[in-house]
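Throw the hints in and build the complete structure from the sequences for me.
Below, each chain spelled out in residue letters.
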Amino acid sequence: MTQESYEAMWESLNLDLSAHDGLLGVLGKFYGDIYMSQQGRLKGMEYLDFVLSEVHGLRIKELLEAKAQGRKIIGTFCVFVPEELALALDCVQVGLCAGADAGKEAAETLVPRNTCALIKSFVGFKLARLCPYTESCDLIVGETTCDGKKKAYEAFGELAPMYIMEVPQTKTPAARKLWKEEVLRYMATLESMTGKKVTAEKLAKAIKIVNDRRRVLQRLNKLRAAVPTPISGRDVLLINQISFYDDPLRFTGAINALCDQLEERIKKGEGVVPQDTPRLMLSGCPMAVPNWKLPFIIESSGAVIVGEESCIGTRNTRDLVDESGQTLDEMLDALADRYMHIDCACFTPNDERLENIESMASELKVDGVVQYTLMFCQPYAHEGFKVEKRLTDHGTPSMILETDYSMEDVEQLKTRVEAFLETIK
Amino acid sequence: MMVLGIDVGSRSIEVVAMRQGEVVEKRHGPTTFNPVQQINHLLEGLEAQMAVATGYGRNLVQELSLGFPVQTITEIKAHGLGAHHLFPKGRTVLDIGGQDTKALSLLPGGRVGKFEMNDRCAAGTGKFLEYSAQIFQIPIQDFGAYALGGDNPPIINSMCTVFAETEATSLMAQGVKPENIALGLHLAIARRTVNMLNRVGLVLPLIFVGGVAHNPCMCNLLAEQTKTKIDETLFVPKEPDMSGALGAALWAQEIVAETT
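Chains as they are written, first to last, in our numbering: chain V, 923 to 1347; chain L, -12 to 247.
Hint data in this document are derived by calculation from the structure and do not stem from the laboratory. One should not assume that every hint holds.
Subject to a maximum C-alpha distance of 27 Å in a straight line, what follows is the list of computed DSSO-like cross-link-like pairs (lysine-lysine) [what the hints assert, rightly or not]: (1) V:Lys994 x V:Lys1093; (2) V:Lys1311 x L:Lys101; (3) V:Lys989 x V:Lys1190; (4) L:Lys101 x V:Lys1308.
Chain L regions said to be covered by chain V (calculated; three or more residues, Cβ under 8 Å) [what the hints assert, rightly or not]: (5) 61 to 73; (6) 89 to 100.
Simulated restraints on C-beta separations [stated by the list, open to error]: (7) V:Gly947 x L:Asp129: 28 to 38 Å; (8) L:Glu12 x V:Asp1273: 38 to 48 Å; (9) L:Asn21 x V:Leu1171: 50 to 60 Å; (10) V:Leu1171 x L:Glu241: 47 to 57 Å; (11) L:Asn139 x V:Gly947: 51 to 61 Å; (12) L:Gly188 x V:Pro1271: 20 to 30 Å; (13) L:Val23 x V:Met1329: 48 to 58 Å; (14) V:Asp1244 x L:Val190: 47 to 57 Å; (15) V:His1304 x L:Val190: 48 to 58 Å; (16) V:Lys965 x L:Glu34: 16 to 26 Å; (17) V:Ser1328 x L:Arg178: 27 to 37 Å.
C-beta atoms are modelled at their ideal positions from N, C-alpha and C, and glycine is treated no differently.
Here it is in structure tokens:
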């Protein structure tokens, strides 16, 4: 397919073509600098390069073809939205762009200035008509994880077909009950939108597809425990980011093939970095595509990232849905249970997260943890204190970095990261 | 054989040359808009076995073909090493430079334990004082002494240079004595700095380095705010802006010692 026919496609989605060209130009350069410049990447990474190069091209074409066949496109911003239900109704679910500074000034006419960059980004992408995913969606599903998102969705809902799931903020039995009802209410909405019914057979198949994608990411994360680690943190972040928008079956197949290559590399004792490279883990806020700023800074400062304790990381892949359910009811219960395990900072208390961070740090043999907080993200900024204390007690050095999508603080961040590495060497 | 420590900061460049554990030469100059030229100028006639560069321009030094190997360390590590060398008993270091403030706790041997650094904006740093001094039309070197003439400082809340100017201007319009406003501006920095020191866990003695440690008013206020006494629990070197370059030179010596 040629660039020109993509242009017709983008035009049909009412994108701002010249601004969109600019965005793709920046993205391409960014990708070249941050990804293609890496040494010793495996052949399996060509899948990622291709998928990313076609992020606004071939994948959008696929979505539009699916739409033409009567399938619905569901957009999401959060790992709480159960993809299993969308798949069981033959919908396509995609995570929406929220990782770049775009349309910021326009976004600030709808959300307050002291709102996190992720929220401003999705509002900005919409207002600037830059995201073909958002424009392809039949329904966009928001959730009540934080106040910033909750209120931004009210404004966003005037621009796009919006549906809100209520995510409880505690893990009491009453909260579990509320969540189960929310899952059912969402299912009913999707059913009436598609004119189809979720059956036990269809849901079982969907649960298997999404679990398989989680399993391959679990496999990948386990392989990173090897010293030296076989793959860069940047590449794994990209894999996690792509998992939100590529076809799940294709993704699982490609990453399994990559894992086979990584296993061979580990057998030969080869790594992507020298044996004594400091191993860091990222923890905290999600890094939506194309937010590669901090991983790039860290990995250009002589360290390697071996884990992402984040929604675009293990928070999305750690827990599987129990597959033993036979009836639709049993499966829906298993589904609700699985999502209630998510250790998002929107919950109080959220002590599971501390346990999870500690065990990840041990399993991945990390030398230090970098806590990443998006500026104005209260839930994760608060938990930063607790996490730091827990890690100190555990004997793991840690550092909190608060930043956003702008590039003006790159030098300061670099100094901090280097100084942190000097203290742990 | 000689080794060099080169600290390329946002406002000034310092060079310390050491031979067999002794400082044999110190040089300094402004960074200007052409740091490469300034570095070359400051290094004229110095022949070294190796150098360690630190500060914002550390990578720039590495890119110049100086004819000897150059390694880099961060200013955090450099100030830790330099301050520890000058005052081995010190446990915490405060560095207020041209556009950064750093607080760090020292482990035995001058290694850095915890550190804190100001964010992207230069609020509460040397730049803030420089900017404020302009409002009073006083050279930055004299601004501290001028502020010492105040006795009843107003509370200035803003740490943003732009807003602080607004605050200072409106205080002037209210007829507040300018020396008191100047003192209030210094106090605002001192209070903010103490918060940063507390975040790394302030243990005494404290060592105050960086260009702003030349300012007598800042030294007094820091002592007051941290309940320390100058020369007893608060140490200020004679040349506080040289401590980063000194730390870098000390690290260069260690590298040479390790490799020979």
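Okay, the hints, checked on the actual structure:
no. : hint                             : verdict
1   : V:Lys994 x V:Lys1093             : violated, 32 Å
2   : V:Lys1311 x L:Lys101             : holds, 13 Å
3   : V:Lys989 x V:Lys1190             : violated, 46 Å
4   : L:Lys101 x V:Lys1308             : holds, 16 Å
5   : 61 to 73                         : holds (count 4)
6   : 89 to 100                        : holds (count 3)
7   : V:Gly947 x L:Asp129: 28 to 38 Å  : violated, 51 Å
8   : L:Glu12 x V:Asp1273: 38 to 48 Å  : violated, 57 Å
9   : L:Asn21 x V:Leu1171: 50 to 60 Å  : holds, 58 Å
10  : V:Leu1171 x L:Glu241: 47 to 57 Å : holds, 56 Å
11  : L:Asn139 x V:Gly947: 51 to 61 Å  : holds, 58 Å
12  : L:Gly188 x V:Pro1271: 20 to 30 Å : holds, 26 Å
13  : L:Val23 x V:Met1329: 48 to 58 Å  : violated, 23 Å
14  : V:Asp1244 x L:Val190: 47 to 57 Å : holds, 51 Å
15  : V:His1304 x L:Val190: 48 to 58 Å : violated, 27 Å
16  : V:Lys965 x L:Glu34: 16 to 26 Å   : violated, 50 Å
17  : V:Ser1328 x L:Arg178: 27 to 37 Å : holds, 28 Å
In summary, the structure is inconsistent with hints 1, 3, 7, 8, 13, 15, 16 from the numbered list given earlier, while agreeing with the others.
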